[in-house]
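Novice: Sequence:
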Amino acid sequence: MNKLLIGITRIPKYQPRFSFSKALKDKDKGDEKAFFSKEDQKLMSKLIKKMKEASEHPQTAGSNNAEDKEELQKIFNRYRVNYTDALIEEILNWKRSD
105 MNKLLIGITR IPKYQPRFSF SKALKDKDKG DEKAFFSKED QKLMSKLIKK MKEASEHPQT
165 AGSNNAEDKE ELQKIFNRYR VNYTDALIEE ILNWKRSD
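Just so we're aligned: the sequence shown equals residues 105 to 202 in our numbering.
The reader is advised that the hints may include incorrect statements.
As the list claims (entries may be wrong) - Simulated DEER-style distance windows between Cβ atoms:
#, residue 1, residue 2, range
1, Ser141, Ile195, 58 to 64 Å
2, Lys146, Glu171, 48 to 54 Å
3, Lys131, Arg200, 48 to 54 Å
Stated by the list, open to error - As a list, the in silico BS3-like pairs of lysine-lysine whose alpha-carbon atoms are at most 30 Å apart:
#, residue 1, residue 2
4, Lys150, Lys126
5, Lys129, Lys146
6, Lys137, Lys126
7, Lys137, Lys150
8, Lys146, Lys133
9, Lys173, Lys126
10, Lys199, Lys154
11, Lys199, Lys173
12, Lys133, Lys150
13, Lys131, Lys150
14, Lys131, Lys146
15, Lys154, Lys173
16, Lys142, Lys131
17, Lys129, Lys142
18, Lys156, Lys137
19, Lys126, Lys154
20, Lys156, Lys146
21, Lys156, Lys133
Hints in this document: simulated from the structure, not taken from any laboratory. Cβ coordinates follow ideal geometry from the N, Cα and C atoms, glycine included.
Kindly produce the complete structure, drawing on both the sequences and the hints.
Specialist: As structure tokens, this is what we get:
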């Protein structure tokens, strides 16, 4: 039995001389970067398309103006805020500037 144990302990482990793990990690990083670059490009193209549509069809100053004023008045009344027409106009102008 002792001979068997000595023989087993003397068996060297297999150790490769070079490793592909670094090459695989680099490939994974490259694939990940390419994937996210494509996704970013898709999102940016959608955003540019929305911006072009918004610039081609701008909202007129009077569109939804009355509805927006009514909504603001409801909000101010709900919280018992004293307001003037000038305050409402200023808020609506600020909203449109975004």
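Novice: Each hint needs a verdict: does it hold in this structure or not?
Specialist: Verification of the hints:
Remark: the range hint 58 to 64 Å for serine 141 to isoleucine 195 is contradicted by a beta-carbon distance near 40 Å. One distance hint, 48 to 54 Å for the beta-carbon pair lysine 146 and glutamate 171, is violated here, with the actual separation near 34 Å. About 50 Å separates the C-beta atoms of lysine 131 and arginine 200, a value consistent with the hinted range of 48 to 54 Å. Our distance criterion of 30 Å between C-alpha atoms is broken by lysine 150 and lysine 126, whose separation comes to about 36 Å.
In summary, the hint linking lysine 129 to lysine 146 is supported, as the alpha carbons are separated by about 26 Å, within the 30 Å threshold. At most 30 Å may separate the alpha-carbon atoms for a hinted pair to count; lysine 137 and lysine 126 meet this at roughly 16 Å. In summary, the hint linking lysine 137 to lysine 150 is supported, as the alpha carbons are separated by about 20 Å, within the 30 Å threshold. Proximity of lysine 146 to lysine 133 is assessed by CA-CA distance (about 20 Å); at most 30 Å being required, the pair is judged to hold.
Simply put, lysine 173 and lysine 126 have alpha-carbon atoms about 63 Å apart, too far for the 30 Å limit, and the pair is violated. Using a Cα cut-off of 30 Å, the hinted pair lysine 199 and lysine 154 holds, with the two alpha carbons roughly 18 Å apart. This hinted pair checks out: lysine 199 and lysine 173 have alpha carbons roughly 12 Å apart, not beyond 30 Å. Under the criterion of a C-alpha separation no larger than 30 Å, the hint pairing lysine 133 with lysine 150 is consistent with the structure, at around 26 Å.
This hinted pair checks out: lysine 131 and lysine 150 have alpha carbons roughly 29 Å apart, not beyond 30 Å. Restraint check: the Cα-Cα separation between lysine 131 and lysine 146 comes to about 23 Å, which is no more than 30 Å; the hinted pair holds. Taking the CA atoms of lysine 154 and lysine 173, the gap is about 26 Å. The hint holds against a cut of 30 Å. Straight-line distance between C-alpha atoms of lysine 142 and lysine 131 comes to about 17 Å, which keeps the hinted pair within the 30 Å bound.
The straight-line distance between the Cα atoms of lysine 129 and lysine 142 is roughly 20 Å, inside the 30 Å bound, and the hint therefore holds. Annotation: proposed proximity of lysine 156 to lysine 137 holds, straight-line Cα distance about 28 Å (limit 30 Å). Taking the CA atoms of lysine 126 and lysine 154, the gap is near 42 Å; set against the 30 Å cutoff, the hint is violated. A threshold of 30 Å between alpha carbons decides the hint, and for lysine 156 with lysine 146 the separation of about 15 Å falls inside it, so the pair holds.
In summary, the hint linking lysine 156 to lysine 133 is not supported, as the alpha carbons are separated by about 34 Å, beyond the 30 Å threshold.
Checked against the numbered hints above, the structure violates hints 1, 2, 4, 9, 19, 21; every other hint is satisfied.
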